[in-house]
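2 protein chains.
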Amino acid sequence: MTKKKPLILITNDDGIDAPGIRALIDAMRSIGRIVVVAPDQGRSGQAHAITVNSPLRPKLLINSHDHLEYSTNGTPVDCVKLALKIIMTEKPDILVSGINHGTNASINIVYSGTMAATIEGSMEGIPSVGFSLCDFSMEADFGPSIPWITKLVRAILNDGLPKGICLNVNIPVTNDEPIKGMKITRQGEGNWAEEFDHRIDPRGRDYYWMTGKYNGNGHDSDTDEWALDRGYISIQPVTFDLTAHHLLSTLEKQLTR
Amino acid sequence: MTKKKPLILITNDDGIDAPGIRALIDAMRSIGRIVVVAPDQGRSGQAHAITVNSPLRPKLLINSHDHLEYSTNGTPVDCVKLALKIIMTEKPDILVSGINHGTNASINIVYSGTMAATIEGSMEGIPSVGFSLCDFSMEADFGPSIPWITKLVRAILNDGLPKGICLNVNIPVTNDEPIKGMKITRQGEGNWAEEFDHRIDPRGRDYYWMTGKYNGNGHDSDTDEWALDRGYISIQPVTFDLTAHHLLSTLEKQLTR
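Read top to bottom, the protein sequences are chains A and B.
Residues in the first sequence are numbered consecutively from 1, following our numbering.
Residues in the second sequence are numbered consecutively from 1, following our numbering.
By construction, these hints were calculated from the structure, which means they are not laboratory data.
Check before you lean on any hint, since a few could be wrong.
[Unchecked claim] With a straight-line Cα cutoff of 30 Å, these simulated DSSO-like cross-link-like pairs (lysine-lysine) come out:
hint	chain 1	residue 1	chain 2	residue 2
1	A	Lys-151	B	Lys-253
2	A	Lys-213	B	Lys-85
3	B	Lys-253	A	Lys-5
4	B	Lys-213	A	Lys-85
5	B	Lys-5	A	Lys-213
6	A	Lys-213	B	Lys-213
7	B	Lys-213	A	Lys-59
8	B	Lys-253	A	Lys-91
9	B	Lys-4	A	Lys-253
10	B	Lys-91	A	Lys-253
11	B	Lys-213	A	Lys-163
12	A	Lys-163	B	Lys-151
13	A	Lys-253	B	Lys-151
14	A	Lys-253	B	Lys-253
15	B	Lys-213	A	Lys-91
Using the sequences plus the hints, can you model the full thing?
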């Protein structure tokens, strides 16, 4: 590997074969040296889960000039940990995760393996960005996203990101319209109306498939949903400090006297 | 079930048989009617993972006066979703999760199934509290925690919690000393130094067990680690809005022009 090109760690949660990560890999190869460590199958909805009760096995897939690629049997966060502690001998200049098949705007970030991997990168002090296209289909067209993604990655490689944050980048599907631009946003108030699909197995026992309907509720013009609804890319700065700082003094009065 | 006593939903991530949840169940039975829905085995480190690729099966274990109890094959968050959408016909007055075997202070909250279940409760508008004892042992002594837990649960049943937050309550091990009191805290800057235990299987292939050493780094007197180190219970108010609000304008200048 040459010394000059930036080193880019790539992962996702849809699995190493998903069209989204293959599109991201192609785009990143034009920018730098790449190391891919991604789940060997789809691990959507895994959030920040780690594997502690069974062993992890990285599997080498590609070992060519400027392109190292592994799959693992772990979660997205496992992949980042294995990449940084076992596979890579040099700290990456940036971590990119995705391109996720489907939105990670609003409340979806809480369940997202794509974004958990990104957050894990920021916890390790690496400028980290997760990309999601608002289209769950495996046939989604990632083409219009690519110029925006490469522009953003180059900007972050130049300027870095503030300490302790990463970016949750969601990209709208605008069909024949061009994407209008990028907006810095906050997490909107969408929610999932969970419905379980109740079935009875051949032995007469109940079982349930988790399903549900997502309701985006970003009515305010500073939210991710608002931006996406209007054809803008949403960029949410994300922290792993879950403290509700604005309520510290209220609770002090309420609970500890 | 009587009408007057509060309805308490109980879950955890160490599994339905863990001493921590059994201690919590005993304590909550003195306060109200209880519904327990917990994983059928230990699911530590599962964070906010949900099960979408395999079916969920709740198993009825206890159906007696004021005490309904199920195990499930799902994650802690699955348990909360099944409880609220399938098992319970009435919205609980409070959700309690734990008592976790081991700390969820500092960065541990990000990986915690106990706290993810608690956060899921707050996302559904239920006052929710996660309890953790800073002792990973299965033989941990939960006795000294119980008066503090029942006091806090009664206070929350009386006064509620602000919308959109839950509480991450960590309880120190003080051995023969009494617990000193409760402090409202922010998330400290601890971290895990991951080390993987590298082994080679009988067929000559590499595999890795995730292990690691936790470094608590709560030097500032407003952090959870500071409080715990000095024998206080730490109460962190927790939000599921991951936006780094303080950086919105900085990034606006940096990225979107």
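Hints versus structure:
1. This hinted pair checks out: Lys-151/A and Lys-253/B have alpha carbons roughly 16 Å apart, not beyond 30 Å.
2. Between Lys-213/A and Lys-85/B, the direct Cα distance comes to roughly 14 Å. Compliance with the 30 Å bound is thereby established for this hinted pair.
3. Pair hint Lys-253/B plus Lys-5/A holds up; C-alpha atoms about 27 Å apart against a cutoff of 30 Å.
4. A distance of roughly 14 Å separates the Cα atoms of Lys-213/B and Lys-85/A; the hinted pair therefore holds under the 30 Å criterion.
5. Among the hinted pairs, Lys-5/B with Lys-213/A is inconsistent with the structure: their alpha-carbon atoms are about 34 Å apart, more than 30 Å.
6. For the proposed pair Lys-213/A and Lys-213/B, the alpha carbon gap of about 40 Å is over 30 Å, so the pair is violated.
7. Our distance criterion of 30 Å between C-alpha atoms is met by Lys-213/B and Lys-59/A, whose separation comes to about 26 Å.
8. Under the criterion of a C-alpha separation no larger than 30 Å, the hint pairing Lys-253/B with Lys-91/A is consistent with the structure, at around 28 Å.
9. The straight-line distance between the Cα atoms of Lys-4/B and Lys-253/A is roughly 28 Å, inside the 30 Å bound, and the hint therefore holds.
10. A C-alpha spacing of about 28 Å is found between Lys-91/B and Lys-253/A, which places the hinted pair at or below 30 Å, so the restraint holds.
11. The suggested pairing of Lys-213/B with Lys-163/A holds, with an alpha-carbon distance near 23 Å, which does not exceed 30 Å.
12. For the suggested pair Lys-163/A and Lys-151/B, the alpha carbons sit about 39 Å apart, so the restraint of at most 30 Å is broken.
13. Proximity of Lys-253/A to Lys-151/B is assessed by CA-CA distance (about 16 Å); at most 30 Å being required, the pair is judged to hold.
14. For a cut-off of 30 Å, the pair hint linking Lys-253/A to Lys-253/B is broken: about 38 Å separates their Cα positions.
15. With a C-alpha separation of about 20 Å, the suggested pairing of Lys-213/B with Lys-91/A holds against the 30 Å cut-off.
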